[in-house]
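Same order as they appear, the protein sequences are chains A and B. The letter at position 106 of the first sequence is residue 106 when you use our numbering, and the numbering goes up by one with no holes. The letter at position 563 of the second sequence is residue 563 when you use our numbering, and the numbering goes up by one with no holes.
Restricting the straight-line Cα-Cα distance to at most 20 Å, the calculated cross-link-like pairs of lysine to any residue (SDA-like) are:
hint, chain 1, residue 1, chain 2, residue 2
1, A, Lys83, B, Arg143
2, A, Lys16, B, Ile570
3, B, Lys498, A, Glu108
4, B, Lys63, B, Arg31
5, B, Lys498, A, Asp109
6, A, Lys83, B, Glu499
7, B, Lys142, A, Glu56
8, A, Lys110, B, Ile491
9, B, Lys142, A, Glu55
10, A, Lys110, B, Gln489
11, B, Lys474, A, Val33
Cβ pair distances, simulated, as ranges:
hint, chain 1, residue 1, chain 2, residue 2, range
12, A, Ala115, B, Glu48, 44 to 54 Å
13, A, Gly42, B, Pro88, 52 to 62 Å
14, A, Gly117, B, Lys172, 48 to 58 Å
15, A, Gly93, B, Arg560, 32 to 42 Å
16, A, Asp65, B, Gln197, 53 to 63 Å
Quick caveat, the hints were computed from the structure, so don't treat them as lab data. Because the structure is a prediction, the values reported are computed rather than measured. Idealized CB from N, CA, C, for every residue including glycine.
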Amino acid sequence: MAAGKNQSSSKQRPPKILLAKPGIDGHDRGVLVLARAFRDAGMEVLYAGLLPTPEEVIDTAVNEDVDVIAMSLLNGAHLTVFKRVADLMKERGIDDIALVGGGTIPEEDKPALEALGITGNYGPGTPLSTIIEHVQKRAAEARAKKLGQD
Amino acid sequence: MEEDRGFWHSKLKEASERNSSSKDANLEKWRKNTLKPWEDKTGYKPREFINSSAIEIKDVYTKNDLPEDQDKLLGLPGEYPFTRGVYPNMYRGKEWTMRMFSGFGTPEDTNARLKYLISHGETGLSIAFDMPTLYAYDCDNKRADGEIGKCGVNVSSLKDMEVIFDGIDLSKVTTSMTINAPAAVLTAMYFSIARRQGLSLDKIGGTVQADILKEYIAQKEWIYPPEAHIRIIRDMMIYCTENVPRWNYISISGYHIREAGSSAVQELAFTLADGFYYVEMGKNAGLDVDQFAPRLSFFFNSSINFFEEIAKMRAARRIWATALKEKYGAKTARAMMLRFHTQTSGYTLTWQQPHINIVRTAFEGLAAVLGGTQSLHTNSYDEAMALPSEEAVKVALRTQQIIAEETGVTDTVDPLAGSYYVEWLTNKIEEEAYRYFDKIESMGGILEAVKNGYIQREIASTSYRRQKRIEDGKEVMVGANKYVESDEQPINILRIPKEAQDRQIQRLNHVKATRDGKKVSESLARLRKAMEDPDTNIMPYLIEAVESYATLEEISNVGREVYGGWKEPIII
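Full structure from sequences and hints, please.
Here is the structure:
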């Protein structure tokens, strides 16, 4: 990777994360804790607020040029709603934003989400450090892709 | 306003003066002669002892930690200020109501679960609704895809409610419905079913949550801006006061505030502050406080710090009684009594080693009973992951039955009264709640404090602090951050099949195809006019609309057009 000027400034920018609860779900304790934890870990954090549609989440992510969309759902609809976000990203040809999931996701649902490119899928009780590390890793991958496209 | 501030300000001053303990010479001597040598000998390393409210706990409590008029703060059971319980003989006379929250999938599934629970000795029904219902979207709305029946039962029209209560005599049960933003619509449906069973409305009893303030604070399920919801609750309050005397039209809820990450003190303070708002609303609507206040009931969380929870519940009763009497001019005991339902804490349950959750729930349930609850839901061990399976629900219900019928804790009323620690903690929690009331009043009241995000930020800060303490191992969650097992075996959890959604959509289509369209549009037009006029009570129009089989979303869309929506203040 050649070290151009834009690239190096872009490289130095902290990871930019959009936290989102797509779907109909007001359980925001986890997402609010993560917002602070990500910020304390040096990331730039945006929160899509409650009840955004998958379309709105992606629009915000693209407009704000984020590295990761971190999605949280506790209402059991992850297989439908996370999938819709992933499908829409694919339709729009977006491949430089990573998708990370979390919430009450049973073990047996994880392979299906992974197959859609949604990683992490952490449940309650996961240490914040584990989540932060994973999001940072996915952000770095996404950033590398962005730089590759420049 | 100044006067209001004055009330809580002086209560705070009184309480903190009362709670400043005098020096205990005996205890000082004990520290020097007994404790210190012991600690030296055993190599004691000081560590932190605090509860969820960051209240520091001392090593030993004595009589000196209690004020001189402690007996007056307690009273006797069934008497003002009700610290020791709202009924004179409490569980010696009647057990608490074992009310297990249920509802999932289709109305048929829920109907079967309710009948199962009734046949196993449950004494009150409690219904959970799915997310689309809670936000008033019908099952065929694109936004609802994948969410039907997941977190509770789906209700899109009166037809679904007819199925849920099929074969259940509403004069024989009381029903609690956990529904907030669309509570008035679901209430209208319930009334309609009661009438079809040939019951007059004064023969039925039940509760809807309808505590919209805590929605903006914690659970975040709203449809309209706060003022619109508050007006609808006011209409329900007036209608029920006149027509359905046994309907508890608001269950003022701390449960979700706590689950959202608050401390016990914050749960207590914000919940009671919401309660005071509803009292003022009733008074402003011209209702007699002695007539409507007895219909206000509460819903608290019972979390894992045993004595803190008990103290919180005892303090709650005293504060409420004091406020109703001294601030709101209530004359009757019934209006001053704080009656409450309790649910054990979902947040304290671990995803890891799920069976140990049975033990946590037992302690939390016991705390609720020692705190004097009127009804109780004990969580099932699988609730950190999914809606409970039938087997897990049975264990949770049996846990309550063991507390009630084996442990002997119900043999005497308020068995912990007089414990130096419990009484001190009760007094301290009361004082800390007063500190919040004073602050909230100075901000212009609870509605302002919610609209500007103050309350939500307070909770989020506590929640983050706690999470960090868990990360650092300062707070233990067995199985999650200590005594972790590497090879966790998955347990069987309840999965809601996709057919639930298909079946609901089919039923909705059938309702729409067979109803009288003209009746629907006329009833919705009348509802709109009522909603536009703040002086018209919308309840009769809601009942008319649900009986025409207008759907939940159609009815709520009228409100969405009249009132608009709501975006919450940014608090991150």
